[in-house]
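Chemist: Chains as they are written, first to last, in the numbering used here: chain A, 26 to 303; chain B, 26 to 303.
Each hint should be verified, as a subset may be incorrect.
[Unchecked claim] For the chain B half of the interface with chain A, some residues (derived, Cβ under 8 Å), not all of them:
hint : residue
1    : C34
2    : Y42
3    : T86
4    : G89
5    : S157
6    : F248
7    : S262
8    : G275
9    : Y280
[Stated by the list, open to error] Calculated lysine to aspartate or glutamate pairs in the EDC-like style (CA-CA distance at most 16 Å, straight line):
hint : chain 1 : residue 1 : chain 2 : residue 2
10   : A       : K87       : B       : E82
11   : A       : K28       : A       : E117
12   : B       : K299      : B       : D162
13   : A       : K274      : A       : D296
14   : A       : K274      : B       : D162
15   : B       : K274      : A       : E31
16   : B       : K87       : A       : D246
17   : B       : K207      : B       : D116
Treat the hints as calculated values from the structure; they're not laboratory data. Glycine included, C-beta positions come from ideal geometry on N, C-alpha and C.
Number of protein chains: 2
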Amino acid sequence: MRKISENRCYGGIQGVYSHQSEACGVEMTFAVYLPPQAEQGPVPVLWYLSGLTCTHENAMTKGGFQCHAARHGVAIVFPDTSPRGDGVADDEAYDLGIGAGFYLNATQGPWEPHFRMYDYVLEELRGLVQESFPVTDRHGITGHSMGGHGALTIALRNPSRYQSLSAFSPIVNPSQSDWGRKQFSAYLGDDEATWAQHDASILLGESGWHGDILIDQGTDDQFIDLLRPQAFAEAASLRRQPTVLRLQKGYDHSYFFVATFAGDHVKWHADRLKAERP
Amino acid sequence: MRKISENRCYGGIQGVYSHQSEACGVEMTFAVYLPPQAEQGPVPVLWYLSGLTCTHENAMTKGGFQCHAARHGVAIVFPDTSPRGDGVADDEAYDLGIGAGFYLNATQGPWEPHFRMYDYVLEELRGLVQESFPVTDRHGITGHSMGGHGALTIALRNPSRYQSLSAFSPIVNPSQSDWGRKQFSAYLGDDEATWAQHDASILLGESGWHGDILIDQGTDDQFIDLLRPQAFAEAASLRRQPTVLRLQKGYDHSYFFVATFAGDHVKWHADRLKAERP
């Protein structure tokens with residue numbers, strides 16, 4: 026692991042690091058915010074998965090999470106959204122290839138060798154964070170847009186690995202959306218049966234979630250038709266899944282929306298991650 | 026005035042606008058955050074002047090000010106740091122010309138026609154903000170680095186126009202620093218007598234300030250030798266000027282530092298701007 030930068034921030038450290046990823050076969054960059062409480066002992070971890078076109082940097086600089094993480098004593102990990110660099114396949118569209126990994130393991134060429142963000146986030150980077158930083162084994166996960174999709178699908182498929190779950194304007198029904206069908210077809214192939222395990226609304230309907238789920242969604246989100254919050258709302262209702270879905274009046278899809286509710290999400294996770302274990 | 030964007034943020038509106046500037050002779054872009062309280066009636070205004078290489082956008086997206094402005098009911102104005110566009114003189118160095126206006130009125134060619142950020146901030150943009158947004162005539166001013174220099178020098182020369190004053194790692198003694206001598210020489214000419222009115226430490230020593238002043242400065246600031254906080258500290262001490270100078274352990278010059286203390290500065294200004302008038 027190589028240190029790229031460390032800046033003091035709200036009494037803690039905002040670091041940026043890189044490492045040679047086995048899952049993705051390239052060097053990957055990620056950011057970790059350690060709150061001041063980490064100097065006294067291990068702290069729980071909140072994962073923040075970013076949306077289309079982003080790197081580790083966007084939410085780190087524009088989301089305003091550090092303030093809340095320092096208050097509540099939670100570390101935050103900001104992974105990249107795809108492999109990138111020499112030899113990594115790409116597409117000229119902003120929503121396929123680099124910056125658009127969709128948090129799955131591609132099975133189709135030319136994507137299959139590097140696009141393995143599901144394994145990367147769930148296994149490899151988690152292991153690296155766990156061994157390199159003063160953190161506990163209590164993890165929460167959240168994300169924005171494509172990253173909200175990643176957070177929901179990874180957690181729903183691996184409930185024992187995450188103790189808390191939320192999302193900001195997530196893509197919740199990609200198998201029925203142009204933010205999903207095109208990418209799943211490219212990464213996973215045309216057999217739609219393989220897509221279901223990457224569709225949060227289908228996964229929730231099938232298996233539910235052991236805790237409660239917080240979702241914020243702006244009513245003026247310019248991409249709301251692609252996000253399809255109604256599908257998740259229906260699945261949660263039919264499943265009787267404890268869920269807080271907040272349709273926030275007048276907010277759009279930007280980081281101004283994410284920053285506005287960042288504090289609520291960090292507190293949501295901190296309350297659950299720091300609760301007494303059963 | 027032309028609207029470029031408006032995003033809901035912490036219950037208020039983060040807007041970006043442009044207008045044809047008479048002072049600078051080009052179209053200028055600026056940002057205004059209006060807190061939710063502005064829907065009920067006019068709110069006081071905090072000016073945030075940015076540092077070298079920045080536009081209106083850096084602090085708007087990375088400073089985390091909106092959260093605190095919404096809490097305290099203060100509008101924030103983020104001007105650009107120089108004129109820019111067709112016909113505006115520039116230099117290949119990052120610290121002269123575009124992005125480096127130093128908040129003065131240039132008297133020397135090729136800068137003189139457009140580089141009039143002093144008049145722009147003090148008079149023209151203030152007038153436009155005052156007539157276009159629901160704000161009171163109570164104004165505070167702050168800034169970072171070159172913007173801290175701008176805040177201090179503009180306020181110290183125009184005490185009746187500002188009711189509160191602070192700065193983040195400001196350039197406080199430019200006439201004795203490589204961040205200052207080069208630029209003053211280019212913009213103002215070689216007669217150093219004309220430089221003194223743009224040197225916060227000299228201005229403070231000569232005239233003081235009617236209120237108290239808050240300055241935050243990181244001890245690990247990579248540019249601290251260019252900022253020369255000791256000069257302002259000496260001037261304040263000799264003048265018996267009510268001042269809070271906080272040397273913040275371990276912080277550098279980045280927006281992570283600015284964001285960490287943004288809340289303290291917004292509260293500092295709000296307390297003074299909303300106080301009963303004498």
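Chemist: All the hints need checking, so say for each whether the structure fits it.
Modeler: Outcome of the hint check:
1. C34: With Cβ-Cβ at 4 Å, under 8 Å, it holds.
2. Y42: violated, 16 Å
3. T86: Check passed: Cβ of B:T86 comes within 5 Å of chain A, closer than 8 Å.
4. G89: holds, 5 Å
5. S157: violated, 20 Å
6. F248: Check failed: Cβ of B:F248 comes no nearer than 14 Å to chain A, outside 8 Å.
7. S262: violated, 27 Å
8. G275: holds, 4 Å
9. Y280: Where the cut-off is 8 Å and the nearest Cβ of chain A is about 7 Å from B:Y280, the hint holds.
10. A:K87 / B:E82: Roughly 11 Å between the alpha carbons, so the hint for A:K87 and B:E82 holds.
11. A:K28 / A:E117: violated, 31 Å
12. B:K299 / B:D162: holds, 11 Å
13. A:K274 / A:D296: Violated. A:K274 to A:D296 sits at ~26 Å, over the 16 Å cutoff.
14. A:K274 / B:D162: Since the Cα atoms of A:K274 and B:D162 sit roughly 31 Å apart, the hinted pair is violated (cutoff 16 Å).
15. B:K274 / A:E31: holds, 14 Å
16. B:K87 / A:D246: Distance ~22 Å between B:K87 and A:D246 Cα, so the pair is violated.
17. B:K207 / B:D116: holds, 12 Å
This entry does not satisfy hints 2, 5, 6, 7, 11, 13, 14 and 16, going by the numbered hints stated previously.
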